Amino acid sequence: MACWGHGRNVVAEPLLSVKGLSKQFGGVVAADDLNLDVLPGEIHAVIGPNGAGKTTMLNLLSGQLKPDRGTIRFAGGDIARLSPAGRSHLGLARSFQITSIFRDFSVLDNVALAIQAHDGHGFRFWRPARGEERLRGPAARVLEQVGLGARSDMLAGNLAHGEQRQLEIAVALATRPRLLLLDEPMAGMGRDASDRMIEFLRSLKGEYAMLLVEHDMDAVFALADRITVLVYGRAIASGTPEEIRADRDVRDAYLGDDEAA
Amino acid sequence: MTFALVVEQTLNGVQLGILLFLLAAGLTLVFGIMDFVNLAHGSFYMVGAFFAATFAQWTGNFVAGVALALPATLAVGIVVELVAVRTLYARDHLDHVLATFGLVLFFNELVRLVWGPEGRSIRLPVVLDGSVDLPLGITYSIYRLVIIGAGLMVALGLYILVNRTRIGMLIRAGASNRTMVGALGINIKFLFTIIFGLGAALAGFAGMLVTPVTQAEIGMGEQILIVALVVIVIGGIGSIRGAFIAAIITGLIDTMGRSFLDVLLLTVMSSNAAEAAGPALSSMMIYILMAAVLFFRPQGLFPPRGV
Amino acid sequence: MRNAITSRRGIVTLAVFAVIASMPVLGPALGQPFYVDVFTRVMIWGIAAVSLNLILGYGGMISFGHAAYLGLAGYTIGIMSDAGIDNGFLQWPVALAVCGLAALVIGAICLRTRGLYFIMITLAFGQMIFFLGVSSDRYGSNDGLPIYSRSEFKLGGAELDLGNGTLFYYVTFVLLLASIYAVYRIVNSRFGMVIRGSKSNEARMNAIGVSTYRYKLTAFVIAGVMCGVAGVLMANFERFVSPDTMDWPQSGEMIFMVVLGGIGSLFGPVLGAAVFLLLSEFLSNIMESKNIIFGPFLILVVLFARGGVNGLLGSRAERRG
Ligand SMILES: Nc1ncnc2c1ncn2[C@@H]1O[C@H](COP(=O)(O)OP(=O)(O)O)[C@@H](O)[C@H]1O
Ligand SMILES: [Mg+2]
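Protein chains in written order, with my numbering: chain Y, 1 to 261; chain H, 1 to 307; chain V, 1 to 321.
Hints were generated in silico from the structure; no laboratory data involved.
Among the clues, some could well be false.
What the hints assert, rightly or not - Below are the EDC-like pairs computed for lysine to aspartate or glutamate, each with C-alpha atoms no more than 20 Å apart in a straight line:
| # | chain 1 | residue 1 | chain 2 | residue 2 |
| --- | --- | --- | --- | --- |
| 1 | Y | 66 | Y | 37 |
| 2 | V | 290 | H | 118 |
| 3 | V | 290 | H | 222 |
| 4 | V | 290 | H | 109 |
Predicted model only: the values in this text are computed from it and were never measured.
Next up, chain Y with everything else stripped away, as it sits in the complex:
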């Protein structure tokens, strides 16, 4: 922060810093000695073909899976052995590739539950939670922010697919994270909806750091400050969008196919 004379080129301490992260499933190497970091406020995108290990990486970071080897430093400490819930309380939030919401809850209840989770006091047995302005207010504001304000009372499972993806992000945002792990937030969306999602994520830029796994190349090049390319669990390249676009290996391994398709 206090680095006079360097103007904008401050070398900030990374918020997330992954070293030597490895995970095998039987014979499948899903994460192979991964090194990667995310700076505060940065959007770091991870791309790679299906089965490259992108979701596995997010599972390792959010605690759904335990790594075979490697360290995950987040906000100053090693979190590799922490439970998913513990990581959430340090400021990690994630969205899932396959929408993971409380389908039989109302849209507002989905978000209010996430607010509650970070408000503490889960062991209150008598007072109706739905009457608590302390939970409803912030939840309603998050829904406004993602553009689901008008859907508050609908059952989450009855939302359109694109709206469910929005709700997924809203639930993550409601935990007031420092780092968002997003697993293909545009998956299965039409052009319009994904454009809106891109705009929305752009509006969050700077406020939250993001590790963005995405297939949609337009989205990646529109949003990312840095891109890492994953193939067979290995990071084969990492750099600015321009560098990645220019990288021959990446074109061969990945971008070429994608553009042809």
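Based on these hints, arrange chains H and V with the ligands on the given structure of chain Y.
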């Protein structure tokens, strides 16, 4: 606690373990492959026993009775699968539990209607009825040795079936990856029916074996079913090998507990207290074992890969 | 439309409770005084089913050993009474504490497991407690333990005489209403939202920062204690407790009552208990082997009416729970 008694109780424990394995094998396969909870598995044990009793009476020969009862139980299993169970695979575990609980009620009543409320017993052929002298001055019931032998042969047969044959390959593939078997273009419905029927026949076989020692009774399948559930939980759901090892361990612990626990307790407490605590503790031992195993390994001793 | 449906469900529920409330008058008036007994049982099983519904219907925990608490509470009453302690102010809290403690130990182990394992382990623990009853020679083993005097509630000069059938009936009725109200408050509280959330989507619950274990364990203990209330009442009503009270088919029937009434609905379990016990009473009056009907009936409910009575009273869309 003489040496001969210890050996005899050990053999009894192995024999109980073998029976448990016959029940657990079918249960664990059906769990592992179809992800299906079958509380009515004990009903096949009971039905097998009644079939054997009736057929043995008709033919006048226990072995012939068993030979007829086996395909009959297999048929019952297949019919149950086709009529009721098949529609349930897609449902959740709660539905499985409830519907098969309904089957248990139904089968108990059906057996009562067909065979009456009285139990049925089987007379053993003379060659099997009696005891043999084992080394070290131990005598042991021939028939119980036959149970152990027959059970071991079935275990071996299952091992070969699962590990050496094409259907076994499918079973193993199904246990770790259900969609893959479907993708191989195998008629998965047929495979499920066969496995279910096979499991029923194995449970029935256990019932047939036990009938000459005890007798065929209504509700006989229920208590042993629960012990078999304990076995597959300890062994790891879906694992035949786990079921075998856990069955033997469970059989031994249960039998040894019942015969020797009060004697052991006497060494640490007064005889009154031991007399009171002994039976209670020994009947709870396998559950304590299960709790301990799960505490350290919530997936059982041998969780099948991919689960 | 929606209002009409809600009120249809509301009217039926209200009617059932009105019938229950007036049975001590209605039964003798209709010349069927034994209905008072039948409905006392309906209410006791109703409380048990309501307690199971808290963890099963709202928490998604398929406990197959819930009848254990009926037995534990009953045996506690029986054993204390056998030892000459008839004071209800002592008996009842001790019985409930025993249930709570047992639920704590059982839950602590079982809740480490998921899915099938959970079902089977709760079943196994239930049987373990069943065998504890069977092997207790001192307290009647298989034959059970008669309870010669009901719990005594004397305070100063006043006495609540549970020997009075009508009074006992209304004590049970009040406790039934109280347990429904308690579940209503609990499932709508912050705690309840966590419990329902972990049924709905446990991975999401973890990801938003909640370790569900402690919450589920707490719910498991609450349900155990609440079922203990049913057990205490049952022991006082039947004046008898035996291992059969907690044999596994009892746990299965309890699950069935919850599903029959409508899983995860507030009043459903009581409707389920009523339908179950009345149907079973009716069938055993007309035939010897009622289970030949009852078993397939159970299967048909599972296959075609998962929403239970509660669902059948609702809209078409709701019927498949
Ligand atoms: N839980 C798991 N068990 C076994 N294999 C897994 C598991 N999760 C992922 N894999 C395997 O790891 C590899 C990477 O998968 P994944 O991380 O989902 O890739 P991506 O998200 O990049 O498409 C794939 O080969 C996949 O089959
Ligand atoms: Mg993925």
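Pair hint outcome, residue 290 (chain V) versus residue 222 (chain H) [Cα-Cα no greater than 20 Å]: holds, 19 Å
Holds or violated: residue 66 (chain Y) and residue 37 (chain Y), Cα atoms, limit 20 Å. holds, 19 Å
For the pair we were handed, residue 290 (chain V) and residue 118 (chain H), check the Cα-Cα distance against 20 Å. The given pair, whose Cα atoms are some 18 Å apart, holds under the 20 Å limit.
Would you mind confirming whether the straight-line C-alpha gap from residue 290 (chain V) to residue 109 (chain H) stays at or under 20 Å? Between residue 290 (chain V) and residue 109 (chain H) the Cα gap is close to 8 Å, so the pair holds against 20 Å.
Hint violations for this structure: none, all hints satisfied.
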